[in-house]
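*Asks:* Next come the chains, spelled out residue by residue.
Protein chains: 2
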Amino acid sequence: MAASHEPSGEGDLSVLDRSGADPAVTTCTLHVCTTCRRARADLPDGYDKPGAALAAALAARIEGLGTAIAVEAVECLSVCKRPCTVALSGEGKWTYVYGDLDPQDAVETLIAFAGQYGASPDGVVPWRERPEIIRKSVVARIPPLSTARPAR
Amino acid sequence: MAASHEPSGEGDLSVLDRSGADPAVTTCTLHVCTTCRRARADLPDGYDKPGAALAAALAARIEGLGTAIAVEAVECLSVCKRPCTVALSGEGKWTYVYGDLDPQDAVETLIAFAGQYGASPDGVVPWRERPEIIRKSVVARIPPLSTARPAR
Chain Y
0 MAASHEPSGE GDLSVLDRSG ADPAVTTCTL HVCTTCRRAR ADLPDGYDKP GAALAAALAA
60 RIEGLGTAIA VEAVECLSVC KRPCTVALSG EGKWTYVYGD LDPQDAVETL IAFAGQYGAS
120 PDGVVPWRER PEIIRKSVVA RIPPLSTARP AR
Chain R
0 MAASHEPSGE GDLSVLDRSG ADPAVTTCTL HVCTTCRRAR ADLPDGYDKP GAALAAALAA
60 RIEGLGTAIA VEAVECLSVC KRPCTVALSG EGKWTYVYGD LDPQDAVETL IAFAGQYGAS
120 PDGVVPWRER PEIIRKSVVA RIPPLSTARP AR
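Just so you know, the protein sequences line up as chains Y and R, in that order. For the first sequence, counting from 1, position 32 maps to 31 in numbering that gives the first Met the number 0; every step adds exactly one. For the second sequence, counting from 1, position 82 maps to 81 in numbering that gives the first Met the number 0; every step adds exactly one.
For the record, the hints were derived by calculation from the structure and aren't laboratory data. A virtual CB, placed ideally from N, CA and C, is assigned to each residue, including glycine. Misleading hints may appear alongside valid ones.
[Claimed, not checked] Pairs of lysine-lysine residues, derived as DSBU-like cross-links and limited to a Cα-Cα distance of at most 30 Å, are as follows:
(1) Y/K48 with Y/K135
(2) R/K135 with Y/K135
(3) R/K48 with Y/K135
(4) Y/K48 with R/K80
(5) R/K80 with R/K135
(6) Y/K80 with R/K48
(7) R/K80 with Y/K135
(8) Y/K80 with Y/K48
(9) Y/K80 with R/K135
(10) R/K48 with R/K80
(11) Y/K48 with R/K48
(12) R/K80 with Y/K80
[Said to hold, decoys possible] Here are some chain R residues the structure puts well away from chain Y; computed CB gaps all over 10 Å:
(13) R36
(14) R37
(15) A40
(16) K48
(17) V138
(18) I141
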């Protein structure tokens, strides 16, 4: 599984869009891949890119709620085969990557879970408190940076 | 693909071991999963856990080289089905997760690539400069924390 959609290194690697709460109070960030393709036999191209719709729906819903969750549209999370794909990260917390998310059905679950995640000290929400979608869709998790940061 | 080996939330979630260079000069960290099982029909249990050997080999080789790369043995990276699994992260850099790594063959490649990664400003090594193993084994990548951090 090569990262076929990741830019080659010569292209634009920038994050496409950032939105969300004041960085000083943001508890976590939902990074939404807007690049990966979902097979859609009913469309002329045979696929769509559902990530942009998911990112927009998350941002709109969060704005209405006024919670301290940021949403970031990202060009590629290198998962590619499991759209929609979302990463959840926060300062000092474990990072989680989720795939196979439905762009409509996942919105409320992701926001509620991001709230649980943001409220936890290390990002590790107890297994039994995780929604079913979150349990089933995990792609990877990564520890927070710690040894790589000067003590202060 | 549920994270079947991730502790349930009641168990010990701590990082098992940390080693490596002085945090103040560490350029990046290789997080090695020591939990996931590799099928081994020749063994009584039918599997081994190759991550611990990979983590030990990386730490020993890095100590000999004196490079500013930290190695961290981690209980679970939630990839589970693709041992060995390693995450590469650094302050202000994209995080990458790699799977299907051979515990012997991957050592030199990982150390060399971690050097390229550590020397890059954002962790994005140009595609053509990435070793074949690194290109083929990517599981996911995650942007650095930015909006989630107060500007300073």
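*Asks:* Need the list of violated hint numbers for this structure, in ascending order.
*Replies:* Hints 11, 17 and 18 not satisfied by this model.
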